[in-house]
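Colleague: Residues per chain are reported as follows:
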Amino acid sequence: MRFGVVLQAPWADEAARAEALGFDLVWLDERDVPAPLVVAAGIAPRTRGVRLAVCVDGGPHPVALAEDAITADLASGGRLVLVVRGDDEDLLAETVDVLHLAFAARPFRHDGVHWRIPAGLPEHDVDGTRLRVSPAPAQLELPVWTAGPAGAAVARDRGIAHVAGHGEPLQAGGLRARRPKRYATDGDPRYLVDTLRGEDAPDLAVLDVTGANRAEQLRVIATQLRPRVQLDALPPGLEAYWG
Amino acid sequence: MIDVGVGLWAMRSTAGSPANVPALHLDLQADARFAEALGLHSLWLCEHHFWYDGWCPSLLVAAAAVLGATTRLHVGTGVFLLPLHDPARVAAAGLALEQMAPGRTELGVGLGYRDAEFDGHGVSRRLRGRRADAALDHLGAAWADGGPRLLVGGIAERSLRRGAEHGLGLFLPSSMTRDQVRRTIDRARESAAAAGARLGRVGMLANAWVTDGSAVEERLARDRIRAQAREYGGAWWRLDGRVGFDAPDLLDAQMERNEATAVVGPPEVLVAHLRDLETLGVDLAVLHVASEESRPVHREAMARIAHDVLPALR
Numbered sequence: 001m002r003f004g005v006v007l008q009a010p011w012a013d014e015a016a017r018a019e020a021l022g023f024d025l026v027w028l029d030e031r032d033v034p035a036p037l038v039v040a041a042g043i044a045p046r047t048r049g050v051r052l053a054v055c056v057d058g059g060p061h062p063v064a065l066a067e068d069a070i071t072a073d074l075a076s077g078g079r080l081v082l083v084v085r086g087d088d089e090d091l092l093a094e095t096v097d098v099l100h101l102a103f104a105a106r107p108f109r110h111d112g113v114h115w116r117i118p119a120g121l122p123e124h125d126v127d128g129t130r131l132r133v134s135p136a137p138a139q140l141e142l143p144v145w146t147a148g149p150a151g152a153a154v155a156r157d158r159g160i161a162h163v164a165g166h167g168e169p170l171q172a173g174g175l176r177a178r179r180p181k182r183y184a185t186d187g188d189p190r191y192l193v194d195t196l197r198g199e200d201a202p203d204l205a206v207l208d209v210t211g212a213n214r215a216e217q218l219r220v221i222a223t224q225l226r227p228r229v230q231l232d233a234l235p236p237g238l239e240a241y242w243g
Numbered sequence: 001m002i003d004v005g006v007g008l009w010a011m012r013s014t015a016g017s018p019a020n021v022p023a024l025h026l027d028l029q030a031d032a033r034f035a036e037a038l039g040l041h042s043l044w045l046c047e048h049h050f051w052y053d054g055w056c057p058s059l060l061v062a063a064a065a066v067l068g069a070t071t072r073l074h075v076g077t078g079v080f081l082l083p084l085h086d087p088a089r090v091a092a093a094g095l096a097l098e099q100m101a102p103g104r105t106e107l108g109v110g111l112g113y114r115d116a117e118f119d120g121h122g123v124s125r126r127l128r129g130r131r132a133d134a135a136l137d138h139l140g141a142a143w144a145d146g147g148p149r150l151l152v153g154g155i156a157e158r159s160l161r162r163g164a165e166h167g168l169g170l171f172l173p174s175s176m177t178r179d180q181v182r183r184t185i186d187r188a189r190e191s192a193a194a195a196g197a198r199l200g201r202v203g204m205l206a207n208a209w210v211t212d213g214s215a216v217e218e219r220l221a222r223d224r225i226r227a228q229a230r231e232y233g234g235a236w237w238r239l240d241g242r243v244g245f246d247a248p249d250l251l252d253a254q255m256e257r258n259e260a261t262a263v264v265g266p267p268e269v270l271v272a273h274l275r276d277l278e279t280l281g282v283d284l285a286v287l288h289v290a291s292e293e294s295r296p297v298h299r300e301a302m303a304r305i306a307h308d309v310l311p312a313l314r
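From first to last, the protein sequence lines are chains L and W.
To convert, note that position 33 of the first sequence is 33 in my numbering; the numbers rise steadily by one, no gaps.
To convert, note that position 116 of the second sequence is 116 in my numbering; the numbers rise steadily by one, no gaps.
Hints are computed from structural coordinates only; laboratory data are not their basis.
Please note that the accuracy of each hint is not assured.
Away from chain L, derived, C-beta distances all over 12 Å, residues of chain W [claimed, not checked]:
no. : residue
1   : Arg149
2   : His166
3   : Gly200
4   : Glu217
5   : Leu239
6   : Thr261
7   : Asp308
Label-pair distances were calculated between CB atoms; the ranges are [unchecked claim]:
no. : chain 1 : residue 1 : chain 2 : residue 2 : range
8   : W       : Asp276    : L       : Phe108    : 49 to 57 Å
9   : L       : Arg130    : W       : Ala23     : 26 to 34 Å
10  : L       : Arg2      : W       : Ala19     : 31 to 39 Å
11  : L       : Thr129    : W       : Ala88     : 28 to 36 Å
12  : W       : Ala156    : L       : Asp157    : 42 to 50 Å
If we take Cβ atoms under 7 Å as the criterion, some of the chain L residues that face chain W in the derived model are [to be verified]:
no. : residue
13  : Pro34
14  : Ala35
15  : Val38
16  : Val39
17  : Ala41
18  : Ala44
19  : Pro45
20  : Asp68
21  : Thr71
22  : Ala72
23  : Pro118
24  : Glu123
25  : His124
26  : Val126
27  : Leu131
28  : Ala138
Don't be surprised by glycine CBs; every beta carbon is placed ideally from N, CA and C.
Using the sequences plus the hints, can you model the full thing?
Modeller: Structure below.
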């Protein structure tokens, strides 16, 4: 199982600390962080291996979103995961479809409900009727995941990952990711181990750890929880590490 | 003392100078660390979209990587094509940059001119002036308590005047003559004063190259400047109503003019030029050392500026 952590400010210091603790992914959410793709690029030079998951709300022009995402992916040497959240299934689906076209690094045209790309405005003198978003991302397939109420259906139809919220069933097939509002990490980490080992255990758990003892909780997750859930049974002798 | 920065990083892979684009983006971070270690003021990026060459389309995202790689270096845009972008997203990006690296972003803004770029973003080019005005108002309000410094780029009288009236700075192109620079700055100061404002910082791009004073190096540098941006101008400049590549004689004549107006010579030549710009009211000179054609040698050029020019300016 992989672990992510929802970042708080100062983002670059937090991300470097999360990477040093062995977290697989850091999560930047547009609802907490201004311009999270900009912040992801700022974090990139301060980290080397941790994945940068950026969650944005669908709605802005998807070409602008694609260009920002591509640049953040290049800045991080191919570590970006773009998560698009939506309440409206049509808007979310169209955003995801244009992102896939843009990331494919070939000319395309798109005639949708919300956007016509290129727009083909009569006052413009343009060669051709297709658009090539440039440059290509660093990753051959830049991951686009969904989140939010409309996310599961959009992800299912396209075979991409949906990040399930609290109480929402994990997606069948593909990466099973969950970002609940809160995992209870106060007190005994064994509680969390049982949760994460159950039938409903995700492939990726993105933890939103808050509170005054946040640093200590992250340390406990890194040193006790994370190793314990990697195997069905750990080799004997490691119990001494569980504190 | 006049601030000295270096530009313009576009991260292009051209037909004449191919490169691996992901590597160029990591090189940008290494170049930024190098520039900072040399004591240079700033590193400048430039924007275009939808072309074959990978030209960086998202300057505020790339700027964040430059800032994240460094601790003191400023990052600039020369220029950010303001009407193409959603002002609310630009405002948020500026706040993010400011929170990560306070006071280190210089946002030079321009209008853009390629129809295909406007069409790809679903924006009418006809509205570019109005969109830029509205965006400057939006950003002024959003960044009232701190944000990137705004420098109005280009040469359009109206936009320079409007920027000056709002206390913004200027970002002047390298093609301006000495007289044009003086007149533009004087007029901008008058516009600012008439509106009860103070003109912000004045930046200027300069085509400049330090040599060891030898004829051989001077010729190499001038050859490089003549080749610089020919592949760009050939596709994008309108010369006598034709695309540059369809008017090769005019294109080459333009490249000759670029070369002729470039400042090339031993350190003392650049020092004199920069001192002169300072007397005209230029606060920040961005020396154009990083083009695709100069990629193998731009670090050496940066080191020479830092070691042989900056100390003489102090």
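Colleague: Hint by hint, say whether it matches the structure.
Modeller: Consistency of the hints with the structure:
no. : hint                               : in the structure
1   : Arg149                             : holds, 17 Å
2   : His166                             : holds, 23 Å
3   : Gly200                             : holds, 23 Å
4   : Glu217                             : holds, 33 Å
5   : Leu239                             : holds, 16 Å
6   : Thr261                             : holds, 30 Å
7   : Asp308                             : holds, 29 Å
8   : W:Asp276 with L:Phe108: 49 to 57 Å : holds, 50 Å
9   : L:Arg130 with W:Ala23: 26 to 34 Å  : holds, 28 Å
10  : L:Arg2 with W:Ala19: 31 to 39 Å    : holds, 34 Å
11  : L:Thr129 with W:Ala88: 28 to 36 Å  : holds, 29 Å
12  : W:Ala156 with L:Asp157: 42 to 50 Å : holds, 48 Å
13  : Pro34                              : holds, 4 Å
14  : Ala35                              : holds, 4 Å
15  : Val38                              : holds, 4 Å
16  : Val39                              : holds, 5 Å
17  : Ala41                              : holds, 4 Å
18  : Ala44                              : holds, 6 Å
19  : Pro45                              : holds, 4 Å
20  : Asp68                              : holds, 5 Å
21  : Thr71                              : holds, 4 Å
22  : Ala72                              : holds, 5 Å
23  : Pro118                             : holds, 5 Å
24  : Glu123                             : holds, 5 Å
25  : His124                             : holds, 4 Å
26  : Val126                             : holds, 5 Å
27  : Leu131                             : holds, 5 Å
28  : Ala138                             : holds, 4 Å
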